[in-house]
Amino acid sequence: MAKAKKGFNAKLYAVIVFFLVAAILASITVITFKNRYIGFDPEKVAVAYVESIVTRGDGYNAYKNALVSKNYKYGDYIREYYMYPVIYAECNYKPGDDTDTLKGYNDESYMSDATKNDDGTLAGAVIDRMYPYYVELIVKNNGWDNYDVIFKKYFRKLAEVRENTFGDKYLTDEIMFTALEANVASYGEELTGTDEVIDENTKLKISEKKLGLYEEKFGEDYRITCEVVKNTPCESLEGYKKSLNKEALETYKISVDEINEAVAVVIEIKANGEKIGSVSVNVVKIGGTWYVETFNTKTADLYNIAPVEIKNPYADLPRPKNK
Amino acid sequence: MADKSTAMKKYMKKSEIATFGIGLFGVALMTGWMPDYTATYFADFAFKGKGFDSGTMSDMISMVFLVAGIVGAVCELVIGYLVDNTRTKLGKVKPWIGFGVIPLAIISLLVFVAPNTNSQTLAIIWMFVIYSLYTAFSCAVESPSNCFGSLCSPNPSERSTAISIASFLRSVGQSGGMVVILVVGLIMKAAMGEQQYKNAEAQGLDLLISTAVCALGLILFVMIFFTNNQERVPFTQEKVSLKDAVKVVFTHKNLLMVSLTKLAGFGRGVYGTVSLYIAIYLLGSKDLKLALLLPMGIGTAVGTLLVNLVLKKFSTKKTFILFCFYGASSLSILFLVSKGIGFNDGLIIPFLILNFFCGLQHGNTNVTPNIMIADCVDEIEYKTGKRQEGLAYAGYGLFSKVASAFTKALGPWLLYTWSGYLASTDANVAYAEQADGTLDKILMIYTIIPAIFVVLQAVPIFFYDMVGEKKDMITKALIERREQNAAEEN
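Chains as they are written, first to last, in the working numbering: chain A, 22 to 344; chain B, 55 to 544.
Just chain A, same shape as in the assembly (with noise of 0.2 Å):
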């Protein structure tokens, strides 16, 4: 009974059913991963990247699409540039120095009681302390096309105000990019508006329902879309490659001789239907990948959609007790 008599070859049956399904398997996900990975298609990345400003004003995460993020990854990049130099100040450190052999600020040696003590309220006064000077940057600097400028001062600053409120000078990326990514988010929530949010194990309101700068102007059912209406690729790429930024290009790792394509993707911003923008975006081809090219694209006006208004000095605050 249980033996396969003749008709059926099990081991036949077994080789055919393993390459037939690893062939639907191997379609099905080639064909998803290149609809879904924005890296393949030059319009996408640029969409990508319009969107964040445009959507969240947030110019910090768009560079996850830039020449910046060919290498590495965005935030170990921000750590050796920009993070690091403040951390170890004292140890006049330069990009590429190996930090394990060095003694910054992040050395447990700077804590205070009460940084040791915090349950989060110093480290939240830090944060609503830095986003005035945060507001502060984007709009003197147009934005974030200069993220040299404001990578440096924001950091400079924020060590400042911490240790302004802390009482000493001790200092982690982590804090670092909490601080400047939930900047980054309040900022975001300035032009979108919040919504009310419940608990919902203890019915308690965890945050207002607040009005964003882009309901006040476009109502509160507001659509904003991006949508690409030219695609023009770049006629003298040789020329194009002499007008790129070498020594950014160093600190991104990236030979100019390894680009091997280059498009200007213009597209349109459109709210409610209605058109409020345009923005021209270069788009250069590494391999197979297409990644923003930020020397000679300009983002400033999507800035000044719905402008966000400079707030009171952050100095003006109380300074919250500790626990």
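Hints in this document: simulated from the structure, not taken from any laboratory. Ideal Cβ placement from N, Cα and C applies to all residues, glycine included. Be aware that a few hints might be false.
Simulated coverage check for chain B against chain A, where a stretch passes if three residues somewhere in it have a Cβ under 8 Å from a Cβ of chain A [stated by the list, open to error]:
| # | region |
| --- | --- |
| 1 | 252-258 |
| 2 | 397-408 |
List of simulated lysine-lysine pairs, DSS-like, C-alpha gap at most 30 Å [said to hold, decoys possible]:
| # | chain 1 | residue 1 | chain 2 | residue 2 |
| --- | --- | --- | --- | --- |
| 3 | A | K65 | A | K115 |
| 4 | A | K65 | B | K102 |
| 5 | A | K296 | A | K319 |
| 6 | A | K55 | B | K393 |
| 7 | A | K173 | B | K243 |
Distance ranges between label pairs, derived from CB positions [unchecked claim]:
| # | chain 1 | residue 1 | chain 2 | residue 2 | range |
| --- | --- | --- | --- | --- | --- |
| 8 | A | I52 | B | K372 | 51 to 57 Å |
| 9 | A | T246 | B | L164 | 25 to 31 Å |
| 10 | A | D97 | B | L236 | 19 to 25 Å |
| 11 | B | D90 | A | G294 | 38 to 44 Å |
| 12 | B | L363 | A | E202 | 30 to 36 Å |
| 13 | A | E236 | B | N172 | 40 to 46 Å |
Go by the hints and put chain B onto chain A.
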């Protein structure tokens, strides 16, 4: 007459025991991976950036899993009934496994291919349909694969060994998906660069590739099983009506007792609800959650092999009860040691070591009931002349699913209501400070409460009697009957 030596004759090739385990490993590689990662995919990646209402989506995702649970419970019985009415040259179980893996592999992958839609209604309908389909197909393969053990040999001792080894490989397979996603992540990082990998990960593409790998593993390992393993217990020819079949699940005493262990011990699994909070509040870091689960997982795998050794000395009944009391004792010791040391860094190492010993008991619940059900199938055949592996295992599966639903309800109630847990209301504080009484209760949810349910799950087994002389007599009688039937057919 079938003498003792006939009953104890070895039927299986050594490679068959291994390939049975490889087959179960393959099935577990897929089914062990799916539920958690599907929830993550639906919640975080499937419709990212579409602007859907997050509250509605999160409620609907819970509903998807509730509906899938009901679909799974119904499918358990229907598939069990269909398996018992399957008569082919390949056997009754093998066709379900060998042919069912094809749609299962493809549907599993499609769960991670969300439609590109801006309609929230369509997105919700898709989640319900695709996950219910996955549940139905996984039932059609997993349920028969679990009951293959009772058909692989007429020799109960050989059968027990095969089930033990296969259960061990199945428990390894259940964690295999975690290794796959780790390796896939490393390969993607090397191929794409770290940031581009992060960008792809943000779209859930690492989950897609990992699922494809697990699905291919499912096909490969099940095909190895399919070509090498044979059903050696002949099926009976009588057709069974659905009504009679379902009756078997609820009226056969020994089978019901084994199934009731699941219901009586449903609270065993509530520890999973608080493992994150144990890591944060008692051990000091949420990163220790994986470190908590790892020793317990290793303990479970070791326990699965240990049960096989204990079964050589004791009956299934004694083994089950022994491990239950061991389990309750180890959990109680963990509670007392934790209270004794206090909730600080010094607790980490003892806690993790004791976690390994607590994990050993899970080997028992993975193996022994499966062997008991195989014995119950023999008993039912002896009494009724009908062999109903499909339904016997389906009944156990049904009780498991109901018990799992109770666990999922009890765990959050214990944590959020009974323990007095306070969620953080400060945007800058992830986890609020908890009162000492709450911390004690969290520890109890991890230790004492599961210990009580571990003892409770042993209670039905006191009424289980398919052991000793009765089991030997039935085994011999069945062999005799089959020999007689074979002689008559010839």
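(request) Sort out which numbered hints this structure fails and list those numbers smallest first. (result) 2, 3, 6, 12 and 13
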